[in-house]
Amino acid sequence: MTFAPSEDLRDMPDDEFRMLVRRFAEENYPKDMPRHSQRRLHWREVKPWYLALSRRGWLCPNWPREHGGMGLSAAKQLIMIEEFGRHGCARVNDIGIVMLGPLLIHHGSEQQKAHFLPKILSGEHIWAQGYSEPNAGSDLAAVRTEAVLDGDEWVINGQKTWATLGNDANWIFILARTDKTVKKQAGISFLLVPMDAPGVTVRPIENLELFDEFSEIFFDNVRIPKGNLVGEVNGGWTIAKALLGHERVFIGAPRLSANALAQLRALAERTGVAGDPAFEDRFVRLKLDLDDLAALFESYVEKLRRGETIGADVSILKIFQSELFQRISEEMLQVAGETAGLREPLDGDARLHAAGAYLMARPTTIFGGSSEIMRNVLAKAVLGLPN
Amino acid sequence: MTFAPSEDLRDMPDDEFRMLVRRFAEENYPKDMPRHSQRRLHWREVKPWYLALSRRGWLCPNWPREHGGMGLSAAKQLIMIEEFGRHGCARVNDIGIVMLGPLLIHHGSEQQKAHFLPKILSGEHIWAQGYSEPNAGSDLAAVRTEAVLDGDEWVINGQKTWATLGNDANWIFILARTDKTVKKQAGISFLLVPMDAPGVTVRPIENLELFDEFSEIFFDNVRIPKGNLVGEVNGGWTIAKALLGHERVFIGAPRLSANALAQLRALAERTGVAGDPAFEDRFVRLKLDLDDLAALFESYVEKLRRGETIGADVSILKIFQSELFQRISEEMLQVAGETAGLREPLDGDARLHAAGAYLMARPTTIFGGSSEIMRNVLAKAVLGLPN
Amino acid sequence: MPPQEDDAAENVRMIRDSTRAVVAADGDLSRIRAQRFQQSGFDPAIFATMAEMGWLTLRLPEQAAGLGLGMAEYCALTEELGAGLVPEPLIGAALAHRMTGADLAEAGICVAAWQDDANSLGWRKLRIDGGRITGTKRFIPDATGADSFAVATAGGVAIVAKDASGVRLDSEWTQDGCSLGTLDMTGAAPLAVHAADAVDDALDEATLATASYLFGLSGRVFAMTIDYLKTRRQFGQPIGSFQALQHRATDVKIQLELARASIASAAATLDAGAARAARSAAVSRAKCRANDTALLVARETIQMHGAIGFTDEYDAGLFVRKAMTLCNRFGSSAVHRRRFAALLKEAA
Amino acid sequence: MPPQEDDAAENVRMIRDSTRAVVAADGDLSRIRAQRFQQSGFDPAIFATMAEMGWLTLRLPEQAAGLGLGMAEYCALTEELGAGLVPEPLIGAALAHRMTGADLAEAGICVAAWQDDANSLGWRKLRIDGGRITGTKRFIPDATGADSFAVATAGGVAIVAKDASGVRLDSEWTQDGCSLGTLDMTGAAPLAVHAADAVDDALDEATLATASYLFGLSGRVFAMTIDYLKTRRQFGQPIGSFQALQHRATDVKIQLELARASIASAAATLDAGAARAARSAAVSRAKCRANDTALLVARETIQMHGAIGFTDEYDAGLFVRKAMTLCNRFGSSAVHRRRFAALLKEAA
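Protein chains in written order, with the working numbering: chain A, 1 to 387; chain B, 1 to 387; chain C, 1 to 348; chain D, 1 to 348.
Be aware that one or more of the hints could be misleading.
Here are the in silico distance ranges between beta carbons for each label pair [to be verified]:
#1 A:Glu16 to D:Arg276: 27 to 33 Å
#2 A:Pro277 to C:Ala272: 22 to 28 Å
#3 C:Ala348 to B:Asn135: 46 to 52 Å
#4 B:Ala312 to C:Ser120: 42 to 48 Å
#5 D:Ala348 to C:Ala164: 45 to 51 Å
#6 C:Gly68 to D:Phe235: 52 to 58 Å
#7 C:Gly68 to D:Ser120: 20 to 26 Å
#8 B:Gly272 to D:Arg168: 23 to 29 Å
#9 C:Asp197 to B:Ala312: 44 to 50 Å
#10 D:Ala348 to C:Ala348: 32 to 38 Å
#11 B:Asn135 to A:Asp179: 54 to 60 Å
#12 B:Arg56 to C:Ala348: 35 to 41 Å
Calculated from the structure, these hints are not laboratory results.
Predicted model only: the values in this text are computed from it and were never measured.
Don't be surprised by glycine CBs; every beta carbon is placed ideally from N, CA and C.
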């Protein structure tokens, strides 16, 4: 497997870049892969697109060029997201790209960078995230999975859950407790675990879309080399918490809601509800919400363009986007009438799938920081309300 | 001043009773008094109606007959409320009738009953309620007004606030701290204070309706006889907290919302918004809410009729009624268009007064137990959620 | 308490007790889970038990071999079935009997096929020409498991056997693991034809029974959610101690109590024999409340459970999927608000 | 950063600073309170200061003796005035100038009289016949304090003196202590008549400026509420530590940030000279958000303050009353949703 370093596109004008990306998607997105899929695809399905991106050197727009990324500005990264979304390209298994890569680049040893980054770029390593546990959901620092140093090896015991596409991954990074005597945030380390190590078991979990999106991962006396620790011993919490600013912007992008609103319109036309004045008034409200969300989103992107730092208030985007997406999907259920509960899309048209949209919208307010946790944070960090 | 004991109406069929009440209102409600007034009336304005009720012996439908009341069932009391509301009769200064009378009947000494009850019936004593203080709002047990026994007298120092129509009253009952060494609920006593006692000062407070509905009342070394204590020393909290079940039902009666919805309809007709399908859809939603509230209210009245006890869940009525009233009044602001902010009713017609309704609806979610406090109580007492 | 009230309350208690025959008392849902997406989506043996208990004809008068029960009893029954997510097509079968007023035992499992279009309560499009029917009925719940259909037409309610000539049935799975059928008839000859006089009343009753089923499932899954709030710990305390969740749980409770009152008052309105417009208005009102409450409960159930609420293996999801499937059956809230508004206007 | 952007940001900063001339820096509202329900409801001396600063003609080009400022600057100005609840009729007077494109100094205090009916943005009903006007203009803010009116008619914008023959002005108090006038004209002779070409644009701009005024007052009273939540104690802790209030305060904050972005993007759309439909759609969108946000803030302000929030002597109420008065000025949310929907359809 080889991959090409990307041409340097950092100085290309945005409009030109957009056209380039659009053409690339049209020409290189595999013709036999699903477009506009409502569910995530598995590695076996999405691999050809991953490799096409890899060959062009476009897999990691967010990484610096010296590590094999494109080194793009947030604005250009957004253009790629938009254009791939426009073409309906499937999302690849991107945890290594979005989460682990940047983390290793900041906190990994030279050896770790040299070993792991190229294998992400080539598709040899597909990563899962091992943060959540059955009793550490919103309270992430409550991890119980334990790692004990035994000679030159860490011995890991415990359980992780909600690993997205965990059954596709061959590596997982985890937070593990390495000191039980200090306060909970201070005794956590960040470890890299090959999933073919003896003692690792994966159990896929079906979600409400009847899709095995998540997995539970069990660790039973799993031994890994001492060198698979990233950063300092007991320094894992700080590493894991540092999210890059622009990722916190992108997670609030209006794309999901915009797609859903287009689907709502299509569904209303299909079921004859379009034109009903009460529906149209509700539709306009949703459209106004979407446009104002887009305006707010643009104001953050503008800040990124100007190189300003993004504050905690950025989570407003994610809260509002995810809840708007849900409201639109709930209106879709209404509009669908008797067809609301159908398991498959109407007329086989993926846009006409009220139940699918309804279910797909549910986890957006739960994962990546639940709306409740985000409101807690906003209340304290932005409004300065007391504990 | 004399007053007649009422004829015994307890066994009269409800329909017949309703007609009797209706005729009484039509014939006896003073012709020169305002009907359907949005604001409370002062004693000087409402006195003729108070006395008319008193003369007929109909002032205190909730009191037992032996104390000069009508001894009516909750159902019949509701009929009186409904019929007086239908005619637009003003609400009288009723704190003595609704609050103090029943409290004295349960907890007062024979002497207190004999002295105070007749004076309420005759209109000689107009009562104010002295519970709230500037730092004891929702947290009512945090009272700081102090009463110290000095010989045969209580000496009172402190401040009460939000006394409804306090500037009309010549007596006030208060909660005062009589023991600072115990936990806050356990050191409170219930006292009766004449407002013409030296050291009592009343300061009216204008509300947002620009009406002096509330008063602050200051106590500066006010001396009252020892016998003005109701119940036990330090037993005031229990007395004050015991609200009669059926009053907790009545406070959630759909009347305010029903009136407001009729006003919304009239206003929509007047401003030409009626018939707009988006408005009509919102109107139907409000109407459905009102009808379901009425159904729920009826189910509680039915329980009262059957003599069942009413649980903590009854506060659902008050929460939903007050919030529905507010939603209706907010729709009135919308419908009023450019006239929304007018200080006086449109065309001099009290029904066409969006701003008036909007303001009038505000305190309903604050006084008598705020919606927040009531939700706390429901969560714990009814849903059993933990502290 | 007048004696009739006593009787009604006693009947309601008895019918609730009787559902123990088909609803696991301990709330176990393993049968329900296993049944999903299998064959017809329901168990004919359990349906047969329901038939034996007389539930299919519970709304027919005793002289017509029915149980002669009121809507209060029928709603109590479906509330219990909803709490247990019982998938067998009781409402569809009882509707078939109520529309025809007949004992349909010879037609096997017979369910109603009344609906002409989505987002409409209309049922009068088809006609019977020369004793034969041509046309389509849509959105027939559990059609694959039925032997025959009570087809509502402008010319009467026709009993059409599934295996009759000129009959074609298509079916799609619904989110709850049951199915919706489309019945195409081309010159199909009915087994029998009954007068259509009772169809409107029967549809109102089925609508209200469905509202009560939704209320039953909403109440049950809300109770599960409250239990979860009491036991699940985060940040060192049960999540049910967080005030924001307490207030939202209270908002759900308020809607549930409104739904309970709305359904009970609609049942009472029907049982009191009020005028047609008043009956339909009460039914529309109750269906709106039950729909909206079920969807509110569904949303909060998933959100309050967090990640586990979005897994299929956790039982709460079964309720969510049933709510999604039933919320628009016999009319969405939009459809019923429209009907309620029209009746309101008529009355004014 | 391109130099134009720099200039705009600098202009915005300067205009915000300049409002210190009429807005107390410490948030003191005693003048505002004292002004209410007095004479015209505003202070002519302060209005004169505003005129001297050139604000009345800030939207006119420099060659027409205006300041030539963009909507970004105008919105920054009204946002500050809103935060200070400044009652002087800047928007009405600036609208008069913008509609006519003229220096109206000789007409004294001249405010726009454009509106024909409630719940409509229509302004073309009146005509000028033989140089005279007969008819009525309604809902004219602060009319009692004006010397003349810029009357929008199908035949041009006429400057009509209040004391001219055939002119009659009636006025009513509004909740904020200002007034709304009704102007009846019977063969009134205007002082001058200007072309009406700019009226539609001018109205969009005044609408957006009003949205920004509402946003300014919403932000200010929300800050007061947050302060109150931090200091007011109940049950032994600051009420702002209660999670239910924290989450609701966050919901208000979300709407405020949406309003900020909506208004800024509408101002940018106007300043960029986008097509008419895009401009009007952006303005309608911003006005809807500002209206709804102001009313949300008003509701939560009173509720979170509790009893004291319902007293007139506490300053929060001044903001609530202003929100009630302005939320439908230049169109309620319902009016603007309708316009937005129509423009959306046009664009499709």
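Problem - Satisfaction of the hinted span 32 to 38 Å by the C-beta atoms belonging to Ala348 of chain D and Ala348 of chain C - result: holds, 37 Å
Exercise for the section: Using the beta carbons of Asp197 of chain C and Ala312 of chain B, state whether their distance is inside 44 to 50 Å or not. Expected result: Roughly 48 Å apart at Cβ, these two residues keep to the hinted range, so it holds.
Exercise for the section: Take the C-beta atom of Gly68 of chain C and the C-beta atom of Ser120 of chain D, compute their distance, and say whether it sits inside 20 to 26 Å. Expected result: violated, 59 Å
Practice task
Could you see if the CB distance from Ala348 of chain D to Ala164 of chain C stays within 45 to 51 Å?
Solution key: holds, 48 Å
Handout entry: Glu16 of chain A paired with Arg276 of chain D, Cβ distance criterion 27 to 33 Å
Key = holds, 30 Å
Practice task
Indicate whether the distance between the beta carbons of Asn135 of chain B and Asp179 of chain A respects the range 54 to 60 Å.
Solution key: The hinted range 54 to 60 Å is violated for Asn135 of chain B and Asp179 of chain A, with Cβ atoms some 45 Å apart.
Exercise for the section: Starting from the hint 42 to 48 Å, judge whether the C-beta atoms of Ala312 of chain B and Ser120 of chain C obey it. Expected result: holds, 43 Å
Problem - Gly68 of chain C paired with Phe235 of chain D, Cβ distance criterion 52 to 58 Å - result: holds, 56 Å
Exercise for the section: Take a look at whether the Cβ-Cβ distance between Arg56 of chain B and Ala348 of chain C falls inside 35 to 41 Å. Expected result: holds, 36 Å
Handout entry: Pairwise beta carbon distance, Gly272 of chain B to Arg168 of chain D, judged against the given window 23 to 29 Å
Key = 24 Å Cβ-Cβ, so the 23 to 29 Å window holds.
Exercise for the section: Kindly confirm whether 46 to 52 Å is satisfied by the beta carbon distance between Ala348 of chain C and Asn135 of chain B. Expected result: holds, 51 Å
Exercise for the section: Indicate whether the distance between the beta carbons of Pro277 of chain A and Ala272 of chain C respects the range 22 to 28 Å. Expected result: The hinted range 22 to 28 Å is violated for Pro277 of chain A and Ala272 of chain C, with Cβ atoms some 35 Å apart.
Hint check: violations occur at hints 2, 7, 11; the rest are consistent with the structure.
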